[in-house]
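Chains as they are written, first to last, in my numbering: chain A, 1 to 333; chain B, 1 to 333; chain C, 1 to 333; chain D, 1 to 333.
Mixed in with the good hints there might be a few duds.
Any copy will do: because identical chains look the same in the list, a pair fits if it lies in one copy or spans two.
Claimed, not checked - With a straight-line cut-off of 30 Å between C-alpha atoms, the simulated BS3-like cross-links for lysine-lysine are:
hint, residue 1, residue 2
1, K66, K146
2, K258, K146
3, K103, K259
4, K100, K259
5, K100, K289
6, K146, K259
7, K4, K66
8, K259, K4
9, K66, K259
10, K88, K103
11, K100, K88
12, K258, K4
13, K111, K146
14, K88, K4
In short, the hints are calculated from the structure, not lab data.
On a predicted model such as this, the values are computed, not experimentally measured, just so you know.
Protein chains: 4
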Amino acid sequence: MLGKHKVGACLPTFGSCADRFCLSGYGGGGGTMEEILDMASQVEALDGLELVSERHLTDDNIDHVKSLFSDRNLEICMVVPDLWGQQKWTKGGLASVDPKIRKEAVADVKKAMDRAAGVGCGYVDVWPGQDGFDYPFQADFTSAWKWLRDGIAECSAHRSDVRVLVEYKPKEPRTHCFVSTAAKTILLLQGIENVGCLIDFGHSMAAGENVAEAAALLSDYGYLDYFHLNDNYRLWDDDMMVASVNIPETLELVYWMKKLDYGGWLTLDVFPYREEKLPAAENCLAWMKALYDIVDRAGMERIENVVRGGDANEASRLVREMLTGDSPSQEKE
Amino acid sequence: MLGKHKVGACLPTFGSCADRFCLSGYGGGGGTMEEILDMASQVEALDGLELVSERHLTDDNIDHVKSLFSDRNLEICMVVPDLWGQQKWTKGGLASVDPKIRKEAVADVKKAMDRAAGVGCGYVDVWPGQDGFDYPFQADFTSAWKWLRDGIAECSAHRSDVRVLVEYKPKEPRTHCFVSTAAKTILLLQGIENVGCLIDFGHSMAAGENVAEAAALLSDYGYLDYFHLNDNYRLWDDDMMVASVNIPETLELVYWMKKLDYGGWLTLDVFPYREEKLPAAENCLAWMKALYDIVDRAGMERIENVVRGGDANEASRLVREMLTGDSPSQEKE
Amino acid sequence: MLGKHKVGACLPTFGSCADRFCLSGYGGGGGTMEEILDMASQVEALDGLELVSERHLTDDNIDHVKSLFSDRNLEICMVVPDLWGQQKWTKGGLASVDPKIRKEAVADVKKAMDRAAGVGCGYVDVWPGQDGFDYPFQADFTSAWKWLRDGIAECSAHRSDVRVLVEYKPKEPRTHCFVSTAAKTILLLQGIENVGCLIDFGHSMAAGENVAEAAALLSDYGYLDYFHLNDNYRLWDDDMMVASVNIPETLELVYWMKKLDYGGWLTLDVFPYREEKLPAAENCLAWMKALYDIVDRAGMERIENVVRGGDANEASRLVREMLTGDSPSQEKE
Amino acid sequence: MLGKHKVGACLPTFGSCADRFCLSGYGGGGGTMEEILDMASQVEALDGLELVSERHLTDDNIDHVKSLFSDRNLEICMVVPDLWGQQKWTKGGLASVDPKIRKEAVADVKKAMDRAAGVGCGYVDVWPGQDGFDYPFQADFTSAWKWLRDGIAECSAHRSDVRVLVEYKPKEPRTHCFVSTAAKTILLLQGIENVGCLIDFGHSMAAGENVAEAAALLSDYGYLDYFHLNDNYRLWDDDMMVASVNIPETLELVYWMKKLDYGGWLTLDVFPYREEKLPAAENCLAWMKALYDIVDRAGMERIENVVRGGDANEASRLVREMLTGDSPSQEKE
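Excised from the complex, chain A in its bound form (with noise of 0.2 Å):
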């Protein structure tokens, strides 16, 4: 627990992170579930995990997944179908030009939803990683949103018991991905019942948002419903420990989190590719904690105020007096 929050943990976090280059993985992971469970059940402040449908979590082994984290006090907090991991995804899935793909992915989404469901957990995570296009003239963009409408709308629909949260992303896999902003997601789901949206830091950081700035407009429209958490350079989805690189928007990030009323999960979604796992688990909750801390010294009201107020001077001296623990009084002109 962080607070209110339940804190979760995305599988690769603890898992032998691969990229293009080294695909054995840079090494150091779980390899089995079993492995990833028992080292994230040392990490004292997780309450959870994610799990891929199907990689995972299959319509055979639902007892004994359920078993796996029942024995280490953990929850399943996320189901997320495989929506981009198999090679019939190669062209994408709920938006492919080939019908039968299309229904093959909302088939999936749905069988992920009713595991969700055996296994307790209120949430899938449908991310449209493959949904996009690498080249100019090779998107027919109309009908790529009809056909993500109406497989979103058929998936949710599929059952009430389990809410169809939607990841956008702006890029990577495909150079673009179709549903790639907070804005662009909540214009998907309108009109739809039994949907939100899952929003990454840094996904939204790539989509050149402010993080916090998304949050607010999600909630507005009532999608905000879950948090991954992790860090970049802006530029790419680099999945690095959290706050290592953007302290003051993550800072305001957690201030919007508490004055958004947000109670959901608090879900790591890092990729240590060259570090210890454990360690960058907790590097990332300890960050966490410290922000959570420093708004509460602050007190939202005093933040509200510079908030309200509009003043880049006012601003900047809060975000450094309440980083560096200098006294307000003190630097009063």
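Fit chains B, C and D to the known structure of chain A by using the hints.
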């Protein structure tokens, strides 16, 4: 004219383009509106010019300006309320934290609408460039968004014969502008009557969008009203000559304009800082004409087949054949 | 052949391209070296392929590999020591903080040089992709640079019949690679004998360079030895097909290759993740041929005059006329 | 003073910052040099100001300017030849294709050197911001580079008591500036006497550099002479207040300044467009002081150990502990 499109230009296209390092402007452009009109009238294909309300068009000079234009057989294709060039907008206009400034911004847009009606122009271009923020903790996103919506709604209700177009841009002059992407513009406009979107090629690129995709999305929602044409290196609004950097994506946009049945103005918004102004405008229009001719020669059906297929090799071959004139039959495998 | 240039390819051009989300690869490529060679030999213009030392070329299989190539009338145009694909390089190779790893990296480059000599190839491509850092405070820049220089110097002194080329790249797989730009590569190589630079179009673009400018700088210092061709959207090494995004800059590079009298290999380094491999290679080479033809048709003198003049209007007109075939005489002012 | 460093500022720090949309400036700054000096003298830590030759400092006003400064106990820390703000530099200065312009640029630098000597300042800052290109095919890179080198060499030979510093920047006002990175600056300066480099934090970030790494490289070659401090969002020279966005990298730079034994000026180069100028300068200096204190508290040895280890977890923990004041002992594994 360019095909069925009327062709316009913003005044900086023929002006003495300044930047923050050379405030006098790099020279070579027209000083007065008359001088600019005289230059513009030498560009054969040009049908109209945009004017900035208050700067070029006031309550007192409407008749004079009308005759300046009619004498040269030019139209006023857009009236732009000045929401960025005066010190009163330093910390924002429609979304200023100061209610007096917000009121003034709305009033200035209404005045611009009246003047547009007075000169027979059916549009105003609301570009809220100063509405945004520069630093973390400097903006109350929720209030700002509400103020923007309220402001646009009040303006658009002022009179129904002038349509309020909103122009989005991700940054500059603020490091973050609130109305930053096509999707966010749609959210801003939803539920308001008599509004639409002005899409600027370079703003869209700088927002990480594929411009044709943004146009298709806007068209889907009924907001594809007007185009600003130019080019850049993707990261900043360089306001360069059309197609000087990004040829395939400009060509893709031309195809989509036809497919989406866009029939409105094609207006240059270039800043030829160091260039002679007339040849720069002519270069832009020559590229646009060349790209239209290329699409016509290829034929919509052939292009459509490639776009629908979603195959990158076909897309790449199509672009090469269209641009270099190679015959498709010679290369079929 | 393409004009006077021999034409090569890296193996991923015909391989089953994987990324971190689809580790199996997206399919359609060759699995074994033989399969890839068979595919490659179907591309008419192709003269050679690059091999990765240890992965494809070992002390034991040199004769076998030579005959595989000679049977298909192909050359081995480059031997690449594997300094990135094994777990031992997780925290760097030539610039690792561990002296044993640095020693091993140098040894592996030397082995690759011996194998290159064994197969009649005069180059190795040292790409220190794992030498860099991801986080602030993670690198001792001064030591790393010294280690890199010492390592390159030791390798290049190993034997004079194989030239050590260094390939720069600003990021990926590290968020920051030490050898990041053409200018930094020159600094790295200065004072060392028997070395040069391999310039990869996409790496150069991702580094914010104009590729032709980087080539001219390298040529000035005597280090312009070898080209990798591909394309991307400027921010990441997308390894796309040649000229699919950036046509004017690729055309400008072709002109400068001629002007700088570059006579070496033109080698494809594309990752056609979702594309059929043969047509992708052919598309690349067709674009390169088209651009060479375009430069030939325009004539070096005409281009030279524009380049020397420094006028953007002339440059823009030149590109348009070269690409669309418009006659220059018709548009002169 | 800040520790052993004298503290300076560029004049826009206290000026009425304009951009291309608001040419009058956003207001609140000083107009005349006297007004700016009066403002600057209220910033306690400030020791000096930069002046632009010809604009602020002419052959005729040297004595007057000296007394303006000495009256306020301020130094002139830099004299900047104006190579960017006049129409004669529209197409470049030191690297103009016009030999008369090149000659004039050299002459203006020499005049600035004489004036610097006249006011007891040992540096001029040569920022060749207009030397570059905007469009493909617009520049003869080889000639431009030669002209730049020749020009710098001629200037630096003019007199040995004023050192010619070159300030690099990747873009703006040109879309591509020739002198774009630290490594390229070193190449430019090699073999020329009496030269060095001025490194601007934001220029370095916009060039994709880690600023501390750039500083280490410049120091290695003996060219680390002077710092401009500010911050930005990595993609553009936003000239924001110090540490307002990138805290870990600014902190890393402070550590490296100490490690490299940099003893020169710390000069603010911020454009507080919409901010009150005095508090903005004070915010910058308060952050710099806080970061120096943080490094002092942590101790060079402790930081050195982490930097030498190359472990991201240690680096991440170090930054968090330094900034939040957590005790290292409590978290050791």
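Q) How do K103 and K259 come out at 30 Å by Cα distance, when the copy is not named: within, between, both, or neither? A) For K103 and K259, the Cα distance is within 30 Å only across copies (27 Å; inside one copy 40 Å).
Q. When no copy is specified for K259 and K4, does a C-alpha distance of 30 Å or less occur within a copy, between copies, both, or neither?
A. within (14 Å within a copy, 43 Å between copies)
Q.
Regarding K111 and K146, is the shortest C-alpha distance of 30 Å or less found within a copy, between copies, in both, or in neither?
A. within (22 Å within a copy, 40 Å between copies)
Q | Alpha-carbon proximity between K4 and K66, which holds within one copy, between copies, both or neither at 30 Å | A | Within one copy only: 24 Å inside a chain, 62 Å across chains, cut-off 30 Å.
Q: Pop the pair K88 and K103 into one bin, within, between, both or neither, using alpha-carbon distances up to 30 Å.
A: within (12 Å within a copy, 43 Å between copies)
Q.
If the cut is 30 Å between Cα atoms, do K88 and K4 qualify within a copy, between copies, both or neither?
A. neither (40 Å within a copy, 42 Å between copies)
Q. For the identical chains here, do K258 and K4 meet the 30 Å Cα criterion within one copy, between copies, both, or neither?
A. Within one copy only: 10 Å inside a chain, 42 Å across chains, cut-off 30 Å.
(Q) Treating 30 Å as the Cα threshold, decide for K66 and K259: within, between, both or neither. (A) Classified as neither: same-chain Cα gap 35 Å, cross-chain 52 Å, threshold 30 Å.
(Q) At most 30 Å between CA atoms: does that hold for K258 and K146 within a copy, between copies, both, or neither? (A) between (35 Å within a copy, 20 Å between copies)
Q: Have a look at K66 and K146 and pick one of within, between, both or neither, based on CA distance no larger than 30 Å.
A: neither (37 Å within a copy, 45 Å between copies)
Q: Go through the copies and call it for K100 and K289: within, between, both or neither, with a Cα cutoff of 30 Å.
A: neither (46 Å within a copy, 39 Å between copies)
Q) Using 30 Å as the alpha-carbon threshold, which applies to K100 and K88: within, between, both, or neither? A) Answer is within: at 10 Å inside a copy they meet the 30 Å cutoff, but 43 Å across does not.
Hint violations for this structure: numbers 1, 5, 9 and 14, all remaining hints satisfied.
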